[in-house]
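> Using the hints provided, position chain B relative to the given structure of chain A.
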Amino acid sequence: MERWRRVISTYRTAPDEALPVVLSQSGTHGPVISALNQTARDRGISAGDRVVDAQAIHPDLHVEPADLRGDELLMDRLVHWSRRWCPWTALDGAAGLVLDVTGSVHLFGGAEALLRDICQRFAMQGLSARVAMTPTRGAGRALSRFGPAVSQCGPDDVSAALAPLPVSALGLSPDTARLLHRLGLKTIGDLAQVPRVSMMRRFANLAAADNPLILLDQALGRVAEPLNAPPDPQHFMARARLAEPVMDPTPYMAALSEDLCRALAQAEQGARQLRLTIYRIDGESVSVSRATARASRDPAHLVRLFDDQLSNVDPGFGFDLITLEATRAEPLARVQSELDGKRNADADLAGLLDRLTARLGKERVSWPVSEQTHKPERVAGRVAALEHPPGEVVSLPRERPVRLLHPAEEVQVIYAVPEGPPSQFRWRRVLYKTARFAGPERIAPEWWRDRPGTRLRDYYKVEVAHGGRFWLYREGLDGDQRGGPPRWFLHGLFA
Amino acid sequence: MPEDSLENARKGLSLYLPEAKPQAKAVPVQTIALTDLLPARPFDPAATGFALASLPQGREGPVLWVQDRASRQENGQVYMPSLKAFGITRPVLQIMVNHPRDVLWAMEEGAACSALSAVIGEVYGAPKVLSFTATKRLALRSEASGVPVFMIRAGDPGGLSAARARWRVGSLPSTANPDNRQAPGAARWDAELFRARGRAPGRWVATYERDASNSLRFLPRADDGTLAQGDQHLSHRAG
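Listed in order, the protein sequences are those of chains A and B.
Counting with the numbering used here, you get residues 1 to 495 for the letters of the first sequence.
Counting with the numbering used here, you get residues 1001 to 1239 for the letters of the second sequence.
Rather than coming from a laboratory, the hints here were simulated on the basis of the structure.
Predicted, not measured: the structure shown is a model, and the values here were computed from it.
Just so it is clear, CB atoms sit at the ideal spot from N, CA and C, and this is done for glycine as well.
Just to be clear, a hint being listed does not mean it is correct.
Here are a few chain A residues that face chain B, going by a calculated C-beta distance under 7 Å [as the list claims (entries may be wrong)]: (1) ARG355; (2) ARG364; (3) VAL365; (4) PRO368; (5) VAL379; (6) PRO390; (7) LEU396; (8) ARG469.
Derived BS3-like pairs: lysine-lysine, alpha-carbon spacing no greater than 30 Å straight-line [claimed, not checked]: (9) LYS362(A) to LYS1084(B); (10) LYS1136(B) to LYS362(A); (11) LYS375(A) to LYS433(A); (12) LYS1128(B) to LYS362(A); (13) LYS375(A) to LYS1084(B); (14) LYS362(A) to LYS375(A).
Next up, chain A with everything else stripped away, as it sits in the complex (with noise of 0.2 Å):
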């Protein structure tokens, strides 16, 4: 809800916080509410309900679509961003960050300085977190979830600040938590007192993640729940700190090239996006970024991306350090190269298609694809090269020219006939007349794209006396009530 916030109130005024403002993910039976502002919740709103309903019961509910997805993407990067306090960082649940802060808590002057540094950096960001240290994993879900703000226990006394806390505290799914409701045990107090065997037998079939009794152990530190943190992102980087001042940097990108790829090939990965930065003794730094279209640890190859950019960087009184990394790594396993010396089709290619982007840019290298649609204009379109691969080329029922003027010009009329091309026009200041023709083939306006008004076309296949081949088009019909008299265009040319 707050990233939300955040994100809408860059680009429109976010709606007023006295409004109820829901945002609904689609569910089984129709969209339902996924979270809420503090409005909406104090209205008797929650989450899980469908939205038909609160809309119902409150006319002025505001709704707007949840970025699930971002928000999964924002809590990854979370996960890594809270390495700032120590080594061990997961993620625990959709919306909950545990951190394993045992030896660090000292960096940060004590454990309640330590967690008032979270919620201030939290905060700095425009989210609210609830923090509780603990001894125990689950304690620490329980109490950052269903207790104060910030809270902290020791080991002693850690069972009774979970004894208050209802049993869902403990990580249970709602059919045991209601199960547990049944049986009359509403806090974790309650459920600490029913004797073990008889739990034990009671929950035998559940599993580890839904059984009260694991859960509760490892909430009071009886069982252990080690903390799996996902591995810190590689990051491939290669420096050359240069002695003296220099003002060219071709000299050193082989040995850079090299070095980068050497980590690359101990990591058996590939490089995806480059970039070199170039550090001047003024303090100022350069950036050149490249993109391969395939991972790629050829040092030549890496080398030849950045040939033509070299020259243009201005080194001003020199530079002193050129660093050169690879911003996006994927794996590239080891290959053997071939036994006959043939040289890889693929690899060559995916080589052509990265030196051709680095030196023409992105949009001008692209792979033809056609587009689901009747303007003959529209149907081929393009993708860059380096992001897509080549699409399926599909072939016309009619034929069409193999060039497209575009866009079409207007031909003059020298002799109009009413069936038919113009006997004579004159296009491009020379005079053509009309030997032989083929058509008219009808491309109705698409009323679900074109603006209302646009008339439609009838193409001719248009063959001159020298032998030109034209495909002209007459734009609307007499009396269709949509501008004056029909006009023709040059659309394409025929070989």
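Same frame as chain A, now just chain B:
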């Protein structure tokens, strides 16, 4: 007929041309290395069709097509949905640049990459960068890698070039349409080979066969510009 050229013809890498004089022997023209295509008239797309029709069959890999801005504006963009009519089902890597210098650079990169099946480049007019040296570099690279390179030089009066074959191609009135007498039929081109390595120049009427062979067909041409009598000197591009 030399052995190696027969072999090339089987791979679809050379064009078989009948002699302009019907008595002489047919001599192949290699399409490996640089081939220049000059349109006979302004805005005439016959050279494009001729290049598409003479692309070698049976080669894997995409076709690289490079256009500069002037040829896009003057002659129009290549319209990809039409290429299947020329039997081209390979993807076409399309490059649109502004300056002829970049066209030549991209063509050189492509000519050195043996993963491509052909390179087609278009340069409008006769810019200074399109010098004899530039074409020679292209021709040598193409010969080294075995990738055929076609250069469409629209608006060029016929400057120097190191191309192994130079054609001037113009449109001719199409054949009779079997279904409709009023409609144009299959395209025919007036193909003049005005410079070639290892053979005499000549002038033919070229057509494209839309059958299983997907081949370019050359018919001898009478001096008055009409077709010579008889089709006995048909020649196929072996596929």
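> Taking the hints in turn, state whether each one holds.
Cross-check of the supplied hints:
no.: 1; hint: ARG355; in the structure: 6 Å, holds
no.: 2; hint: ARG364; in the structure: 5 Å, holds
no.: 3; hint: VAL365; in the structure: 5 Å, holds
no.: 4; hint: PRO368; in the structure: 4 Å, holds
no.: 5; hint: VAL379; in the structure: 6 Å, holds
no.: 6; hint: PRO390; in the structure: 3 Å, holds
no.: 7; hint: LEU396; in the structure: 5 Å, holds
no.: 8; hint: ARG469; in the structure: 6 Å, holds
no.: 9; hint: LYS362(A) to LYS1084(B); in the structure: 26 Å, holds
no.: 10; hint: LYS1136(B) to LYS362(A); in the structure: 29 Å, holds
no.: 11; hint: LYS375(A) to LYS433(A); in the structure: 27 Å, holds
no.: 12; hint: LYS1128(B) to LYS362(A); in the structure: 27 Å, holds
no.: 13; hint: LYS375(A) to LYS1084(B); in the structure: 18 Å, holds
no.: 14; hint: LYS362(A) to LYS375(A); in the structure: 26 Å, holds
The structure shown violates none of the earlier numbered hints.
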